[in-house]
Amino acid sequence: MHSAILPILIPLIAGILLLLAKHFGLKNQRILSVAMIIILIVISFLALPQVLQNNPVVYAVGGWQAPFGIVLVMDRLSILMIIITSLLALGALWYAIVSDTDKRGAHFHVLFHLQLYGLNGAFLTGDLFNLFVFFEILLLASYSLLLHGEGNGRTKAGLHYVVINLVGSTLFLFAVGTLYGILGTLNIADLAYKISILPSSDVGVVAAAGLLLLVVFGLKAAMFPFYLWLPGAYSKTSAPVAALFAIMTKVGIYAIIRVHGTIFSDNAGELANYYAPWVLNAGLITLIMATFGAMSAKELKNQIAYLVLASVSTLLISVGIHSVAAMSGAIYYMIHSTLIAGGFFLLSDIIVRSRGQIRGKLIKAPLFNNSVFIGSLFFLYAIAIASMPPLSGFFGKLMILFAAIDHPHAGMVLTVVLLSGLLSIVTLAKTGSQIFYDTDNSAEPIHAKITNKYFPPVLFLFIFAPLMVIFANPITEFTQNTAEMIFNTNAYIEAVLNISTETRQ
Amino acid sequence: MKKIKKILPHPVLSIALVFIWLLLNNTFSAGHCVLGIILAVLIPRFTSDFWPEEVCAKQPLTFLKFSGIVAYDILMANIAVSRLILGPNKNLKPAFFNLPLDIEHPLGISLLASTISLTPGTVSCDLSEDKTYLIVHGLSINNADQIIDEIKTRYEKPLMEVFKPC
Amino acid sequence: MLLPFLGAAIVAGVAQKNRIASAWGAGIVTALSIAILTNLAYVPFEGKTLIHSWNWIPSIGLTFAFRLDGLGLLFAYLILIIGLLVIVYARYYISSRDSMGRFYSYLLLFMGSMLGIVLSENILQLAVFWELTSLSSFLLISYWQHKPEGRDGAKMALTITGGGGLAMLAGILLLGHAAGSYTLSDILTAGDAIRSHALYTPIILLILLGVFTKSAQFPFHFWLPHAMAAPTPVSAYLHSATMVKAGIFLLARLYPALSGTEEWIVLVSTAGMITLLLGAFTALFKHDLKGLLAYSTISHLGLITLLFGFSTPLATVAAIFHIINHATFKASLFMVAGIIDHETGTRDMRRLGGLWSFMPHTATLAMIAASAMAGVPLLNGFLSKEMFFERTLIDETLLNFLSPIFATLAGAFAVAYSIRFIHNVFFNGQLKNLPKNPHEPPRFMKIPVDLLVVACFAVGTLPVFTVAPVLAIAVTGSLQAPLPEYSLALWHGFTLPLLMSFIAFFGGIFIYRQRKELFARYEKNISRIDARVPYNTILNALFDLADFITSGFNKESLQTMIAWTLAASFLAVFAGFSYGDSPLFGNRAFLSMDWISIAVASIFIIAIIATVLMHKSRLVSLISLGVAGLIVSLIFIKFSAPDLALTQLSVEVVTVILILLALYYLPQHTPKESSKFRIIRDLILSIGGGIGVFVLTLAVLSREYTTIGTYFLENALTGGGGTNVVNVILVDFRGFDTLGEITVLAIAGLGIFAMLQGLKLYAPSKDIHGFAWSADIYPSILQTLARLLLPLMLMVSVYIFLRGHNLPGGGFIAGLIASIALVVQYLANGIAWTRKRIPFSTHNLIVYGLLIAIATGLVSMTIGYPFLTSAFTHLNWPLIGEFEIASAIAFDLGVFLVVVGTTVMILVQLGKLSLNSHKTHKKKSKEGQN
Amino acid sequence: MEILLALIIAVLTAAGIFLILRARTYPVVLGLTLLAYGVNIFLFAMGRLHIDKAAILNNNAEYTDPLPQALVLTAIVIGFAMTAFVIALSLKAYSKFGNDHINGTPVKRKDK
Amino acid sequence: MLEFALSVAIGMIVVALFLNVYRLIAGPGMPDRILALDTLYINSIVLLILFGLYLGSTLYFEAALLIAVMGFVGTVALSKYLLRGDIIE
Amino acid sequence: MFEITLAILVLVGAFFTLVGSIGIVKLPDFFTRLHGPTKATTLGAGAILIASSIFFFVSSGELSLHEILITFFLFITAPISAHLMAKSALHLKQKENGNETTP
Ligand code: NA
Ligand code: NA
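Residue numbers (our numbering), protein chains in the order written: chain A, 1 to 505; chain B, 506 to 671; chain C, 672 to 1601; chain D, 1602 to 1713; chain E, 1714 to 1802; chain F, 1803 to 1905.
Fair warning: there could be bad hints in the mix.
In the DSSO-like style, the derived pairs of lysine-lysine whose C-alpha atoms are separated by at most 30 Å in a straight line are [to be verified]:
1) B/Lys662 with B/Lys598
2) C/Lys1583 with B/Lys636
3) C/Lys1507 with A/Lys103
4) C/Lys1437 with B/Lys636
Derived by calculation from the structure, the hints in this document are not laboratory data.
Produce the entire structure from the sequences given, and follow the hints as far as they go.
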C-alpha cells in the first residue's frame, strides 16, 4: 500500500539514523549505510510487480487527493529510475567505503542518503512544486557531497555548480509561478488537463513558462548551452560522488520526459510537443560540444565527464525525436549510460591513484601495478561508454538510431551521433594507449596501494552492460512498454486525478 | 528559599513574563493565565544559566517613582530635542563629557545609560572598561558639570537604591 | 560460433597459470569449432540454408540469428582453418616476454567476431560483429604495446575501420528500413524493392564506406600497411583470410540486394580498379617484407572488389574463388615473412639476402606461395587470375576497354613484386649486419605454411576435386540464384586471358629488371606521398578544432555560464510568447495605485539601485540590502501575506548576520575589474532579464485564472483544523513539501558543518582603515540587555508557534525567533560562554526535529492512512477551556526544532571560524588584507 | 498596482542579475539574495494582489489565494538554506584560493 | 477626521522614510548608515501601525513586533561588526 | 471626541517620528544625528502605538495590548542600539583622530 512512498522514506530515515549514529563508529555507520541501500534496492524491486500490474500507482500524501494535495506517482519510468539510482548508489557507496573516501569529511553517509531521498522524491512526485523541493534537496546534498574532501579545483567547481544551480532554481520558480498564475494548479496531471483545454489567448504565456522550465531541466541535464558546470563538477569531485552524479543529469532528462512529456503531450493543442525540436537541436549541439570536449581533454576524469555529457546528449536527442521507439531506446540507453558512467568514474579514480604524481594527466607516466588488469577494465569501460558492441550502449544507440530514421532530421541525427561515436572511440583509444601503453619504462614503476578490494564495485557496475545485452529481449520489452506508457498521457492523467477519496478520514 | 530560587530564579522576571504573555495574547482568559504561568516558570528556568547573577530589586516603590520621572522627562526631552532639531544648527553645542559612576550593579548601569539616552539632549555613548564612568554625548551642553549633577541625583540615586548588591 | 568467445575467456583465465595451456586451449577451441561446422556442413551442400533465430530486441527487428549457407560456410572454414594454423604458428612465434594468454584470448575474440559476421542472419547483428572485429583487431594490432608504431597502427586501423563500420551501421539501418526487415533472408529477396527505394543511394554509399574501409580500398587503404606493426601471426590472420575479407564478404553477402545498379558498378569497380593498380604498384617499392605483402593484399582486395563491381554472376564466381586462393597464399607468405623476421631480426629486404642457404625449406615454401600470388600456372592464384582476366575482357562498365589493360598491368606488377620477394630475400646478395644468425625455424612453425602451400598446389592442379564443391555452394550462397556455368579447368586453350597472363608474366620480369631505376624514381617522386599525412592532418585538425571550440566556449568562468543561461532563458520566454498568436496581456482589471505605495516602491527601488551601485563598498551595500529586505516584507504585509512578512523579516536578519560573519574575513571592497565590454554585456543581460520578468509578471497578472487555492480555503478548518490557511497548507495539505524543506535546512547545516571543518582563514586584526579593533569584546550594556531579551524572545517564539495554526505564525517563524534570541546571546557574550549554557546540541536538535516530523507521518501509516495524514481533536480542560490538539502541531514542532538547530549550527559554525584562525595568523593571501 | 509590483520585481531581477555577473563572491551572494527577493515576490504575485484579505479564516467573504503564499514560504526557507551555504562556500573558496574571485584567479585589468 | 489624520500621518512617515534613505546612501560614515537603517525600521513599524489603523485590521501587530526585534538585532550586529569585525567570537 | 483624541495622538506621533528623521538628515555629525531617532522617533512610535491600542479597544470592545508590548520593547532597545552605534562611532572617531584620548 505504501510502496510508492517507501523509496523516499527509506533514504530519509537512513539519513536521520546515520545522523543519530554519529558516535557509533565508522564501521557501524558503514554497515547501516549499506544495509539501507540494500533495503532500498529490495523495496524497489518488490514494488516492480505492483507497477507492472497496476500502472501507475498513485499515492496521495497526507490523504489529500490530487490536484490539491501532493501525490506520488509510481509508474514504470519512475520505478526504473529508482532502481537505477539505487544500484548506482550501491556501487558508489561501496567504492567510497573501500577507498575510505567517506572518512575524508563529516557526514558523508548522511548526505549520501539524503541525496537519494531527493533523487527518489524527484522521480516519484506528481507535483511540480514538490519537484522543485526535491530538486533543491538533491542539489544541496550534491553540493555538500561535491565538496566532500579536499582540493582547490573542487572548491571552484563546487562554487560554480552551486551558483549556477541557484540561478536554475530561480528560473524554476519563475516558470512554476507562471504556470500556476495561468492554470491555477501544480499537479502535473492537472496541468496537462488544464493545458488541453487552454484558451488560445493564453498559449503564449504557457509556452514561455514551458520553455523556461526546459531551460531549468536543461541546466540539470547539462544541455547546451548550460552544460558548462558539468566538466568541472564531475571531474573535480571525489570518485564515488562523481559516480553518483551520473544520475544527476538523468534527473533533468527524466524531468523533461515527465513534465514536458505529460503536459505538452499530443493533447496540448497548439502546444503539442512544441518543446521537442528544441530538445533535439540542443541535444545535437551538446553532443558535438561534448565530443569536442572529450577530444580536447587533458585529464582523464575531465574526458570521462565529457563522455558522460555525450551520453546525456544522446538521451536528449532521443527525447527530442519524440517517438515511442526513440523513447524506448532512450530508456534502455539511460540504464546503460548511468551505470557505466558511474563505474567509469570509479575506475578512473583507481587509475588516477595508480599513477602517482601524474594522476589523471594524459601524459607519459611510469608503469604502475596491475596495469594489465586495470587496462582491460579500461578497455571494457571505454567500449561501453563509446557505445561500441557488444555492450549495452551499442544496442541503446542502435534503438535510438533506428527510431531516428523516421524523423525528418534523420540524416542530421545519424551523422552527428555516429561521428561522435567514432570520435569518442578514437579519443578513448588515444587515451588508453597513453595511459596503458605509452608508459615511461625508464622511470621507476609506481606502487600505489590499490588493493583488490577496490575492484568489486567497478566490476559490479560494469556487469550490467553485458547483462543488458544478454537480457535485451525482456528489457527492451519493458522499455518499449514504458515508452508507450509515457506517451499514453491520458492514462496517467486519469490515474492521478481519479484517485478514490476513501483514504481521507 | 533555595528551592524557590531553583524553581523561580528571577521571580520578578517570571511575573513580568506572565504579564507579557497576556499582552501578547491580548487576553486575560483563565486558560492563557495558566499557560502564561507555566511558561513563566519554564522559560526562566531554562534561561537561568544565562543570567547567573542575582537581581535584588529592593524597593519597588522607588522604582515606580523613578519610572514616572523618566516618563515625564522623556516627554520633555522630546519637545526640547525637537526644537533643537528643527531650529538652526548654530544653536547646538554638541559635546562629550564623562559621567563618573557610583552605581555598580550591571543592570543598574544599563538602566542608567538607557535613561540618559532617552532623556534631555544626552546619549550615552560608551562605558569605560573599568565601568567607572560613562561617556555621554550632549546635544546642547552649556555646563557639563551641572548636567552630571542632575543625572546623578535624578536618576542614579534612585537606581542605586533599587539595585543594591544582595 | 559462440565457442571462440567462451574460449577467449577461458584462455585468459588459464593463461594466468600456464602459457602453453593457453595455446592448447585456443587450438582445441578452434578445432572443436571446425568439427561442429563440419558436422553442419551437409546443409549448404544440400542446397539449403540453416537458420537459427532467437528474439533479441524485437522492437528494432534485431534477432539473434545465424545463417549457414554456402558463402557463410566457406568463410567460416577459412576463418577457422587459417585461424588454427595461425594458432599453431604463433605458439612458437610469440616470445616468452609477451603474454601468450592475452594474445590467444584476443585472437579468439577476433575469430568469434569474424564468425559472427559471416554467419549472421540479421544484418544489425552483423554490424555488431563488424564493430567487434574492429575492436578486437585493435587489441591484436597493438599487442606489442611498447612499440609506438604498433599503437599508432592500431589506432589508425580502428579509426578507419571503426568509422567505416559506423557508416555501414547507418547504411544497414537504412537498408533494413528500405527492405522492411533486418533479416538477411528477407533482404536478399527484396533486391528490387531496395534498388528502387528513395534511400538506395545513401544506403549504398554508407555500406560501401564500411566495405571499403574494412577491405582497405582506395582511398582508405592506408591503414593496412601501418597495421603491419602487429605481430606477424596477426597479420597473417587479419590480412589474408579475415579482417580485410569482411568487407569483401559483405559485398558477396549483399550482392543480391544491392548490386547491378549504376551506382554499384561505378563505385565498386572504380574503387576496385584503383586499389588493384595502386596496391600492385606500391607493393613493388616496399622494402619491408610485410609492407610488400600489405600492398599486395590491398591490390588483391582491389581485384576482388573490381570483380564484384562487374556485377555479373561469373565475376562473382571469380571473386569468391580468388578469395579462397588469396587467403591461402597470403597467409602462408605472411607466415614466411614472420619466420624470416623471427630468424633474422629484420624484415628489411635491403638487409636481407641469400637466405636460401640458411633455410631452404622455408625458401621453397615461399617460392611456391609467391608464385601463386604472381599467378603462375599450376597454382591456385593462376586459376582465379585467369578468370579475372576473362571477366575484364567482357566488362561492359565505364572502364570498358581500359579494364583488361589495367588488369594486365596490375598482373605485371604482381609478378614483379613476387619475384622481388623471393629474389631479394633468398638469393640476391648477402645478409647485412643482422641481429641474429638465421636458421630454419622450429618444425611446428613451418607446418602451417606447409599445409597452406600444399593447399595452393592442390587447388591449382586439381581444382575440380578440391575447391569446386565449396566454391559452388559459396557462389550460390552469395548470388542467391542458380549457379552460372563456368569451368575450373586448367587449360582453356589459347585464349585472350592466357595471353594476358603471359604478358603480365614477362612484363613482371621486365619491370623487376628495371627495378633500380624505378626505385630511384619512386624515391624521388612518389615515396613522399603518404596517405598518413592527410590522415594525420585531418585528425590533428579535428583535435585542434576540438581544443579551440572547447576552450573557446568553456572558459571555466562562472560569469560565462550564467550569461549563457540567462540569455537562453530570455530567448525561451521570448520564443514562448511567439507560439500561437495570443495577446501579450489580458484584460483583467488592476488594483488602483496609491501614492504611498508609489513612494514606498520608489524607496525600495532606490535601495536596490544603491545596493548595486555601491556594491564595491561591501558593508554599505549590505546595509541597503537590509532596506530592500525590510520593504519586501512590507510588500507582503500590504498584500495580505502576514506569514510571509514574518518569515521574510526573520530570514533577512539572519542572512545579514551570516553575511557579516563572512565579511569579516573577506575583503571589504570589490576591486574594479570588469572591462567595458563586460559591463555592457551585463547591463544588457540585466535589463533584458528585468524586462522579461516585467512582461511575464504583467502577462499573468492581467489574466483571470481559476485556482485550486479555493479548495484550501474551504477545507482548512474542516479538514486541517486551522484557520490560518497558509499554515494549514504548510503543515498539512502540503506537509510533504515542508518535510523536504526542513530537510534542505538540515542538509545546509550539515553541509556547512562539513565544509567549514578545519577551515583556516586569516582573521584580520585591524579594520578597513588599518586600526585595531575595539578592545571591548562584549559590551556590558548589551550583555545586560541580552539577558533580559532571551526570555522575552522565547516567550514571543512560543506565542508565534502556538498561534500558527490559526493566525500568522508557525514553527518556522517561531524557530527563527528562538534562534535569533540565541544568536543575540552569542553576539553579546561570545561562543564559549553561550555554548556552555545551551543545554542541547544543535546536532541533536536537528535529528529530533526531523524524527518528530517524520514520526507524525509514520504514525498515520501504521494505522492505515497515507504518510503524513493529519488528525486533530478539540479538548476541553477545566480552567483552560477548549483547545485544539492537532498532529500537525507535532509536525510543526519538528519544523521548529530543525530551524533552531540548523540556524544556530550555521551561525556558530561561521562564528567559530575565528577560533581556528586566530591561532594560525601567519599565512595567507596577497589580496587578503586589502 | 500590478504595474508597480511588476516594476519592483523587474528591478530586483535586473539588479540581481547584474550582481551575480560580478567577478567576486560577495556581490554574487548579494545578487542571489536580490534574485530570491524578486522571484519570491513574483511567485507570491501569481495569486494576484489582494489588500486586507489575508487567508486567515474569519467571517470575511473573500480571501487571497493562500497557495502561492505557502509556496513562497517554502521558497524563502530553501533560499535561506542556499544563501547560508553559498556564504560558507565563499569563505571556503576564499581560504582555498587566497582571494575571493569567483573563478579563483583575479584577472589583471588591461584597459587601465 | 481620523482618516484624514491618518493620511497626513502616513504622508509624514513616508517623508521620514525618504529622509532615512537619504542618510543611508549619503553616509558619510558607517554609523550614519546603521543609524539610518535602524530609524527606517522604526519608521516602518509606525507606517505599519498606521496602515493597520487605516484598515482597522489587527493582523499587522506581529509584523510590527518582529520588525522591532529584528531591527534591534540587526543594529546590534552591524555595530558590533564596526567595533570588532568578528561579531560572534 | 474620541476620534479627535486619536487624530491628535496620531499626528503628534507622526510629527515626532518625522522630527527624528529630519534630525538625521539635518544635523551636522553622527553624534548629534543620533539624538533624533533615539528620542523623538521612539516617542513618536510610542504615541502612535498607544493610539492604535485605544482605537482597537474602542472599536472592538476588546483590549488591544500588543501595542504596549511593542512600545515597551522599543523603549528598552532604542537606547541600547543608540549606545552601541555611538560606541562604534566613537571607536571609529578615536581612530580617525589618531587615537587621542577621549573628549
Ligand atoms: Na636484399
Ligand atoms: Na567569529
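Hints versus structure:
For the hint linking lysine 662 of chain B to lysine 598 of chain B, the alpha-carbon distance of about 27 Å falls within 30 Å, and the restraint holds. Distance hint between lysine 1583 of chain C and lysine 636 of chain B is fulfilled; the C-alpha atoms sit about 28 Å from each other, no more than 30 Å. A C-alpha spacing of about 29 Å is found between lysine 1507 of chain C and lysine 103 of chain A, which places the hinted pair at or below 30 Å, so the restraint holds. Taking the CA atoms of lysine 1437 of chain C and lysine 636 of chain B, the gap is near 25 Å; set against the 30 Å cutoff, the hint holds.
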